[in-house]
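Asks: Sequence:
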Amino acid sequence: RGVRRVSHDPSDLGNDPKALCERVGNVVLNVTERNDLDVNDGSDWATGYAVQVNADRYEYDVGGMGTGLKRQVNEALAGTKIHVSLFNGAESPDHPDAIYQPSEAANIKDQKTNKQVFRNMRAQCYASLRDRIYNTYRAVVHGEMKDVEDLISFSSNCEHLGKLRSELCRMPIKPNGSGLVELYTKADMRKIFKVSSPNLGDCVMMTERKHVVAAQDVDVSGLYIPTVNHW
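Going by this note's numbering, the residue at position 180 of the sequence shown is 174; the numbering climbs one at a time, nothing skipped.
To be clear, the hints were calculated from the coordinates, so they are not data collected in a lab.
Be careful, since some hints might not be right.
No more than 30 Å apart at the CA atoms, straight line, and that leaves these computed lysine-lysine pairs for DSBU-like [unchecked claim]:
no., residue 1, residue 2
1, K103, K204
2, K64, K106
3, K109, K168
4, K204, K168
5, K103, K168
6, K188, K157
7, K168, K188
8, K157, K185
9, K109, K64
10, K168, K185
11, K157, K64
12, K157, K103
13, K204, K75
14, K64, K75
15, K140, K188
16, K157, K140
17, K75, K168
18, K106, K188
19, K168, K157
20, K157, K106
21, K103, K140
22, K64, K204
23, K168, K106
24, K204, K109
Input sequences plus hints: build the corresponding full structure.
Replies: This is how it looks when you write it as structure tokens:
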């Protein structure tokens, strides 16, 4: 239950497949990829999938090949209920001033915010995904009580579940002098570690982004705003 999201990692023809993920709430229903389409046909494939499953939100990576897909995506999803979001992992973390993993313990002071922990949005979302997977492991294997909203499930019907697991288990953290959490880019992973681009992993990672959706078409001009007189 929850928002049905479809995410897409575009690519062109070649050895770098394009991928998509379908997720409802905290259940990943499908991860799949194709390498027989160019970037435009791949976008049509992903948006068509989103329409077919009646998605609520469609998000795609605009940091590389997805840069020029905005008009195509908007035209493909025009007239649907689907909200479109652009994902650029190099941007600053979302909700930068929010506390990362806040604690109510009285002895914990100066808790760090998202911008004090993560180099960029990609690192932030991968950390969120990691936390969910670890919470689920602690709940299932060790019987620890966890909030179901902090867990995640991967359907056995996912088309490329084994490859997804492989991609997620080999994400190296990039050392830096600032102490911020940062991951190697796809290009660095290919050059330094000789591993392929984590397209499936990136699609699941994108579904971790926390969007704030405001109510639409609400006229606030006539609303009564009470005045509180303090003693």
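Asks: If a hint holds in the structure, say so; if it doesn't, say that too.
Replies: Cross-check of the supplied hints:
For the hint pairing K103 with K204, the CA-to-CA distance comes to about 25 Å; that is within 30 Å, so the pair holds. This hinted pair does not check out: K64 and K106 have alpha carbons roughly 35 Å apart, beyond 30 Å. A C-alpha spacing of about 17 Å is found between K109 and K168, which places the hinted pair at or below 30 Å, so the restraint holds. For the given pair, K204 sits about 24 Å from K168 by alpha-carbon distance, which is consistent with the 30 Å threshold.
Proximity of K103 to K168 is assessed by CA-CA distance (about 27 Å); at most 30 Å being required, the pair is judged to hold. For the suggested pair K188 and K157, the alpha carbons sit about 16 Å apart, so the restraint of at most 30 Å is met. Our distance criterion of 30 Å between C-alpha atoms is met by K168 and K188, whose separation comes to about 15 Å. A C-alpha spacing of about 20 Å is found between K157 and K185, which places the hinted pair at or below 30 Å, so the restraint holds.
Restraint check for K109 and K64: the C-alpha separation of about 28 Å stays at or below 30 Å, so the hint holds. The hinted pair formed by K168 and K185 meets the criterion: a straight-line CA distance of about 14 Å does not exceed 30 Å. Between K157 and K64, the direct Cα distance comes to roughly 29 Å. Compliance with the 30 Å bound is thereby established for this hinted pair. Between K157 and K103 the alpha-carbon distance is near 41 Å, which puts this suggested pair outside the 30 Å criterion.
A distance of roughly 19 Å separates the Cα atoms of K204 and K75; the hinted pair therefore holds under the 30 Å criterion. This hinted pair checks out: K64 and K75 have alpha carbons roughly 17 Å apart, not beyond 30 Å. Note on K140 and K188: the hinted pairing is violated, with a Cα-Cα distance of about 37 Å set against a maximum of 30 Å. Under the criterion of a C-alpha separation no larger than 30 Å, the hint pairing K157 with K140 is consistent with the structure, at around 27 Å.
Simply put, K75 and K168 have alpha-carbon atoms about 39 Å apart, too far for the 30 Å limit, and the pair is violated. Distance hint between K106 and K188 is unfulfilled; the C-alpha atoms sit about 34 Å from each other, more than 30 Å. In summary, the hint linking K168 to K157 is supported, as the alpha carbons are separated by about 22 Å, within the 30 Å threshold. For the proposed pair K157 and K106, the alpha carbon gap of about 34 Å is over 30 Å, so the pair is violated.
Taking the CA atoms of K103 and K140, the gap is near 24 Å; set against the 30 Å cutoff, the hint holds. Between K64 and K204 the alpha-carbon distance is near 21 Å, which keeps this suggested pair within the 30 Å criterion. With a CA separation close to 20 Å, the supplied pair K168 and K106 stays within the 30 Å bound. In summary, the hint linking K204 to K109 is supported, as the alpha carbons are separated by about 15 Å, within the 30 Å threshold.
In this structure, the earlier hints numbered 2, 12, 15, 17, 18 and 20 are contradicted, and the remaining ones agree with it.
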